[in-house]
Amino acid sequence: MLTATPDSNRESGSRRGGIQRWLTDFPRAVPLAVLLLVLAITLLSVFAIEAGERERSMAELRKEAQAIGSAIERRGDGAAAYLRAGAALFVVHGDLSREEFGAFVDELRINSQYLGAEGIGWARGITRMQIDAFETALSEELGTPLRVTPRPLLGGNRIVPITYLHPNTERNQRALGFDMYSESARRAAMDEAERSVRPTATGRVVLVQEGRSDQPGFLIYMPVFEGLGPTRRLKGFIFSPFNAGDFLTSTIQLPPDYGQRISLYDGAPDEENLLAQMGSTAAGGISVSQPVNFSNHQMILQLESSGGAGLSNMGVLTLAFGLLVASLMLALLRLLTRQANEDRAALEWLQEQDSIRESLTRELNHRVKNTLANVLSIIALTRNRTDRVDEFADGLDGRIRALSATHDLLTRSEWGTTPLRDVVEAELAPYLAQDDRIIELSGPPVQLAPNDALSFGLAVHELGTNAGRYGALSVHGGNVTVHWDLVSDKLVRVTWQEHGGPPVKPERQRGFGLHLIERIVAHELGQPVEIEFAADGVRCVMLIPVRKPSDFALRARYRTQ
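Under the numbering used here, the first residue of the sequence shown carries the number 1, and numbering increases by one thereafter.
One or more of the hints may lead you astray.
What the hints assert, rightly or not - Below, a list of computed lysine to aspartate or glutamate pairs in the EDC-like style, where the Cα atoms sit at most 16 Å apart:
#: 1; residue 1: LYS505; residue 2: GLU532
#: 2; residue 1: LYS505; residue 2: ASP536
#: 3; residue 1: LYS235; residue 2: ASP191
#: 4; residue 1: LYS235; residue 2: GLU194
#: 5; residue 1: LYS235; residue 2: ASP95
Claimed, not checked - Each pair of labels, with its calculated beta carbon distance range:
#: 6; residue 1: ARG421; residue 2: LYS490; range: 44 to 54 Å
#: 7; residue 1: LEU254; residue 2: SER139; range: 39 to 49 Å
#: 8; residue 1: LEU335; residue 2: PRO256; range: 17 to 27 Å
#: 9; residue 1: VAL325; residue 2: LEU254; range: 36 to 46 Å
Since the hints were derived computationally from the structure, they do not count as laboratory data.
Keep in mind that this is a model prediction, so the values were computed, not measured.
A virtual CB, placed ideally from N, CA and C, is assigned to each residue, including glycine.
Produce the entire structure from the sequences given, and follow the hints as far as they go.
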């Protein structure tokens, strides 16, 4: 029979206490660390699965790119075979007329798309001195004037104008007479074909028959010689022009739901070298490049697939399972953390109550003393300025009500800061309801501390009372403007201006309101107050401190208990 020893019980309790302390000391860090650990394992698993899937997709894409590249090369070899046959015909029979050349091309039994080409053409090699004779002979044969274009520059003696191009369509007729040797890409291909005596394709060019269009294309040249050995002489070139887009479309038949993009480039895969493109795919997929040897010219085939842009089915399942496990563990740890926090909070709450009670008591005493001090000052000044009980009571009643209105605002804000606009509206509420008086308030949002709000409210009350009895608010059409602006981040300037009231006497007895503003308000605010009895209306300027809410608000955690 096994029994637990005291030492083992203490060790077990120590472990439980250690776990609880970790959960309460780091209530977010511990669950987050566990969550991150599970997520890291899940993501590593998904990464490994996706890496394998991506390699498989890349292998399939390479295989498909090789098949498409082989199809393009075979199409190029087929076109080259026809050109070799045409070159042999010119070697055996010499010069051919346009009708004889057309009959030869028809006898080759090329399919209706000419293997994706515009047809098969013959370009005779001539010199500068032979241009006129060439133009005369070809014009007579065609029955229409024809000129060699562009005219050769000085220094160049080889000219290779297009002589025939079958089928003799209106589109192909635009190319007749064009000196292909005048253009660098065509010239380089013809020179290489002459050197290697094999069909050679050009780089990216725009065919003459495209007219104003800039659709890219290319040509394949096969040289034709007279004579044999070192004495042989270049007679011309038999060639096929290709519109790159038509060539790629005729070579590769795509199903309607094909989700990949095929691009053929003349050199590096960039926009400037793009020959043709077909299909479509979503961004963020995978791509492979396949070199294509097309008639003695290197091209690049790029195949892009949307495969790999998203997660595979196995990756999605693995990620979902990992998130489920992480969520369950996170929920369990949150429950344990909440229980540990509740236990600690139950102990701390009782200790904090005494501190809260003391803070609230000190805050209340401070507010009550300030309010009573203001009331005593008002009573003393009111008593010194009046001899009648009714007048004393009315003046005292109005000023106590002004304090009460501001107190209501402070109570709603839990004795935190109070908006300056709310204080002005509360004190001028009786006048704001009168349609025949105009009171305009303007200024930025400004917060006042409790004591400053009480003093400012008294000042606005006295100014409003004075305007209602003797000033702009005492007559129909009177106007009072209250505007405030920030002098600095710690001080706001409030300007009271009356218009449209009875004329103000320059010399008048200083009333109680003026004394109240100058003695109590200016003293409490700690800033000077300027009052001007101008002829068109009373003007008062006050400077009031601006405080941050945190300077006066009770601690938030106490209010939430």
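Evaluation of the provided hints:
1. Restraint check for LYS505 and GLU532: satisfied, since their Cα atoms lie roughly 11 Å apart, inside the 16 Å limit.
2. Between the alpha carbons of LYS505 and ASP536 the distance comes to roughly 10 Å, so the proposed pair stays at or under 16 Å and holds.
3. Our distance criterion of 16 Å between C-alpha atoms is met by LYS235 and ASP191, whose separation comes to about 13 Å.
4. For the suggested pair LYS235 and GLU194, the alpha carbons sit about 10 Å apart, so the restraint of at most 16 Å is met.
5. Restraint check for LYS235 and ASP95: the C-alpha separation of about 9 Å stays at or below 16 Å, so the hint holds.
6. A hinted range of 44 to 54 Å for the beta carbons of ARG421 and LYS490 is inconsistent with their spacing of about 19 Å.
7. The supplied range of 39 to 49 Å is met by LEU254 and SER139, whose beta-carbon atoms lie about 45 Å from each other.
8. Between LEU335 and PRO256 the C-beta distance comes to about 55 Å, which lies outside the given range of 17 to 27 Å.
9. At roughly 44 Å, the beta-carbon separation of VAL325 and LEU254 lies within the given 36 to 46 Å, and the hint holds.
When each numbered hint is compared with the structure, violations occur for hints 6, 8.
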